[in-house]
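Novice: Sequence:
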Amino acid sequence: KAVVSTQSTGKELESGTRVTVRMSPESESTVKHYKGVAVSPDTPRTELGTYWGYRVRLAESFSSVFTECPYKDGYDLTIGTSDKGDLVEETVFRHFRHVVVFLGGLQGLEPVIEADETLQEADPRTLFDYYLNTCPNQGSRTIRTEEALLITLASLRQPIALNGMRD
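Residues in the sequence shown are numbered consecutively from 138, following the working numbering.
Hints were generated in silico from the structure; no laboratory data involved.
In this text the structure is predicted, and so the values were computed from the model without any measurement.
Treat the hints with caution; some may be incorrect.
[Said to hold, decoys possible] Cβ-Cβ distance ranges computed for the label pairs, FRET-style:
| hint | residue 1 | residue 2 | range |
| --- | --- | --- | --- |
| 1 | Lys172 | Arg234 | 33 to 43 angstroms |
| 2 | Arg159 | Ala252 | 38 to 48 angstroms |
| 3 | Asp253 | Glu226 | 29 to 39 angstroms |
| 4 | Ser277 | Thr154 | 31 to 41 angstroms |
| 5 | Glu227 | Arg159 | 34 to 44 angstroms |
| 6 | Pro162 | Ser277 | 44 to 54 angstroms |
| 7 | Gly186 | Asp266 | 21 to 31 angstroms |
| 8 | Leu195 | Leu256 | 10 to 20 angstroms |
| 9 | Tyr171 | Asp253 | 40 to 50 angstroms |
| 10 | Leu185 | Glu251 | 34 to 44 angstroms |
| 11 | Thr180 | Ser277 | 31 to 41 angstroms |
| 12 | Gly186 | Thr255 | 29 to 39 angstroms |
We put the CB at the ideal spot given by N, CA and C, even for glycine.
Starting from the given sequences, assemble the full structure and let the hints guide the process.
Specialist: This is the structure we're talking about:
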């Protein structure tokens with residue numbers, strides 16, 4: 138059983154809500170009950186340098202990903218994925234602070250880009266810093282998004298770890 142304080146957030150938590158919890162030191166010696174406090178999901182990364190997962194957010198359009206960016210200076214590295222992209226292994230990545238990765242649907246990124254009426258350009262290669270094929274020789278016409286996500290994050294792990302700047 139776990140007891141989680143939400144005093145720092147001031148919010149009620151609904152059952153099933155994902156939270157990051159800082160465990161109280163006394164919890165380690167207590168077997169019956171664990172105690173902790175809800176903290177920002179950024180806490181493990183900023184305080185310990187620990188990877189704590191990726192973030193997903195919904196956007197109304199392709200361009201709104203950038204106009205509604207949660208970072209003051211925006212994304213300084215953009216990656217689009219496609220079976221028409223360049224190989225990750227042959228790409229030299231530059232340093233960055235905030236990266237955004239786009240995964241296409243069944244027909245790729247093209248329909249998403251074409252549906253955005255604010256864009257003048259429709260060629261995905263010109264809209265991203267890198268346009269990558271993260272799953273070469275995939276052996277099927279399409280890959281399910283949940284598979285593509287894991288494959289893409291695994292293939293980008295090393296370039297991101299080597300080139301991403303820490304706060």
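Novice: I'd like to know which numbered hints this structure contradicts. Please list them from smallest to largest.
Specialist: none
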